[in-house]
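Asks: One-letter residues, chain by chain:
2 protein chains.
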Amino acid sequence: MRLSRYFLPTMKDNPKEAQVVSHRLMLRAGMIQQASAGIYSWLPLGFNVLQKIEQIVREEQNAAGAQEILMPTIQSADLWRDSGRYDDYGQEMLRITDRHDRDMLYGPTNEEQVTDIFRTHVRSYRNVPLNLYHIQWKFRDEVRPRFGIMRGREFLMKDAYSFDLDFEGARRSYNQMFVAYLKTFARMGLKAIPMVADTGPIGGDMSHEFIILADIGESEVYCHKDWLDLDVLTSEIDYQGDLQPIVDKFTKIYAATDEKHDPSLCPPEDLVSTRGIEVGQIFYFGTKYSEALGAKVSKPDGGEAVVHMGSYGIGVSRLVGGIIEASHDERGIIWPEPVAPFGVGVINIRTGDEACDAAAEDLYAKLTTAGREPLLDDRDERPGSKMADMDLIGLPWQIIIGPRGLKNGVVEVKNRKTGETEEMTPEAALNKLAR
Amino acid sequence: MRLSRYFLPTMKDNPKEAQVVSHRLMLRAGMIQQASAGIYSWLPLGFNVLQKIEQIVREEQNAAGAQEILMPTIQSADLWRDSGRYDDYGQEMLRITDRHDRDMLYGPTNEEQVTDIFRTHVRSYRNVPLNLYHIQWKFRDEVRPRFGIMRGREFLMKDAYSFDLDFEGARRSYNQMFVAYLKTFARMGLKAIPMVADTGPIGGDMSHEFIILADIGESEVYCHKDWLDLDVLTSEIDYQGDLQPIVDKFTKIYAATDEKHDPSLCPPEDLVSTRGIEVGQIFYFGTKYSEALGAKVSKPDGGEAVVHMGSYGIGVSRLVGGIIEASHDERGIIWPEPVAPFGVGVINIRTGDEACDAAAEDLYAKLTTAGREPLLDDRDERPGSKMADMDLIGLPWQIIIGPRGLKNGVVEVKNRKTGETEEMTPEAALNKLAR
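Chains as they are written, first to last, in my numbering: chain A, 1 to 435; chain B, 1001 to 1435.
One thing to keep in mind: the hints can contain errors.
[Claimed, not checked] Here chain B is said to cover these stretches of chain A; the calculated rule only asks that three of the stretch's residues, wherever they fall, bring their Cβ under 8 Å from a Cβ of chain B:
{"hint": "1", "segment": "40 to 46"}
{"hint": "2", "segment": "73 to 84"}
{"hint": "3", "segment": "113 to 126"}
Keep in mind that the hints were calculated from the coordinates and are not lab data.
Using N, Cα and C, we set each Cβ at its ideal position, and we do this for glycine too.
With the sequences and hints as input, model every part of the structure.
Replies: In structure tokens:
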């Protein structure tokens, strides 16, 4: 992409309305624009990152055996009356009346709807386990939306729902999602700690929140200090095999949210008390919805079983902010490579200079061919402004091309994270970055 | 994908509620499930096709120079009051009141919102032309939703918006989208005829609807019979070059919708009068929204210009039905290759037979490696039922593996569209299909 044609409305100054760094940097980097309170438009740079995060979530869900569907945003109130949640949910649910005066709502979550899909089509134990997920916009009418897309009203969530014959099956499904979540967040360069959590309005017996430690976190969290040194999960997983050892490894070290914190379970000298951002939560809630909505399958030995269910959420849009909170400096965002909107930024320090233009175009073409998705700053702007913008939007690598260097046959390669720069020939820069 | 693990709830009988073939086949093939009137969930097979169509639309928009953003589904009523459309829009607009009693709405289209983004960030002629698009769910509260996802209430639309300094620029942007639409529909195996059209509630001076001829079409359309033999546009396009000759070629032959039909423009003996399904519409509407909302840029020679705009819609979810209407037979759907949910269906006629299982697994593995996305029917079902399901879901190619053929070292390769079958060795089948 060429910056001269790319819609990237960056800002030099910090917007007054933003209280947290991710909100500030997303506005300044031209990633989002507020449409109304707690509701945002995603501009090209922001949408690009959102798509990359969504794709990682999708790949890891598919790898774990979940199947992607798409449920609508607008739901009928009827199913929610059947489950008893229509009245329970309170003012966070956006209630709507359609032109025929039917009660509708903008889905804050989809347990009822997916259970309706299941009960319509699945009748036999032979068709479970089944795990269906979707990545869809949700709405929660927060009384005081804040922190930009971190706590907005309209937000993108991946939610998966598992159906099993019994508790043992449901436990396997829970473990699959537990491990898939560890992999998902690790791929984004995040350490998300699974913490024993309260089940809240979803209900159920067992739940973990996946928490990124961050000072601006909305909730108090507690964990054993061993967590700070524990490596994230990067190995290949056989999701059909026994995942319990992996789950045990990541649950035996103490970690709990505020509601579930039990000081007796961790020696005080080892306890870390800090704040965290929730990026995912998984639940086992047994037959709460399947009982209410009549989701049953035949059993192998005759008779019927009410299926055991779990649900598994990831805050896809929130992750954009979460990653920025975890990875930035005073100059701007520092994207981990797998979610970076572009792989390499090419800065032509002097657009219009024949040698600079030729070198920049050549590197741009070759990086494009190599699939590195370069962003070329070919604008007619001051060098300082180009450098500041490139640092602000946080691409992992920069190649800086200026007339002085070119006379010596070199360009500058900069690592955004470490700030280290190195002079080398354009060919060497390509060899280094065009993997 | 293995059918034994795939959530594909096919039906043998025609569902009573479906009046048109695409609705019937989408329900029978387990692609969708009605959630409430005019609102559908997309099950794995349907969602797969929807994604493939969405991706083709995206690629062609990007090729034409449009940039992808994402605007939210829920909009504030304020901007619509500024443009004057809040009261005009009538009952098709889903109006919502949030917990703070603010008037909101579920966007049926996004002219106001995108103009707000533009006016916030763009002030100079140097930053136009600009074309921003998004692929987002819309809601129109149809009084009588019907034909399944063809005329639903919640539907997926691609809408692009162009901003130019003057009419000449806007004309170039219009031409870019005109040509991109010809390419987009051609890639899906569709002949969509651009017809002179009325501008309706969007407003404006110039509009084309892209129409697939089909008996079940909602509207009467008229075109010169030469359209029936005209080839679709498949050549490479230089979107920065002059597109007027291409536009002229595809507009000089008469074609108009009912509202714009002028019998004097086509010899009666050459006129085809039929019905059609609209899959896209493009508009040039000048300064209608930019004037109302104050979207201006500085001019090269000083002073300010109110920008000229156009908007360009494609019914992404509707296309799934449109393609089925255009491509099916009495046994089911016939997917054009580029939108087929899986490239090849592998039917193991006798699951459990050692030789059949081995041959099926081997072909499945090799087709997977070749990137052909095979679907393996490894279920324990009757052969007739497997064949019927595979015909119903309409994958372009089938490989049928049975014990009798394997004894002679052959499998059967079937072309779903022509129905032609051919016996050949598994190696030959791979050579044929693993391109």
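Asks: Three residues minimum, CB to CB under 8 Å: does the segment 113 to 126 of chain A make the cut for coverage by chain B? Let me know.
Replies: Holds, because 6 residues of the segment 113 to 126 of chain A bring their Cβ atoms closer than 8 Å to Cβ atoms of chain B.
Asks: Taking a Cβ-Cβ distance under 8 Å as contact, does the segment 73 to 84 of chain A have three or more residues in contact with chain B?
Replies: holds (count 5)
Asks: Is the listed coverage of the segment 40 to 46 of chain A by chain B valid when you require three or more residues with a beta carbon under 8 Å from a beta carbon of that chain?
Replies: holds (count 5)
When held up to the earlier numbered hints, the structure conflicts with none and fits them all.
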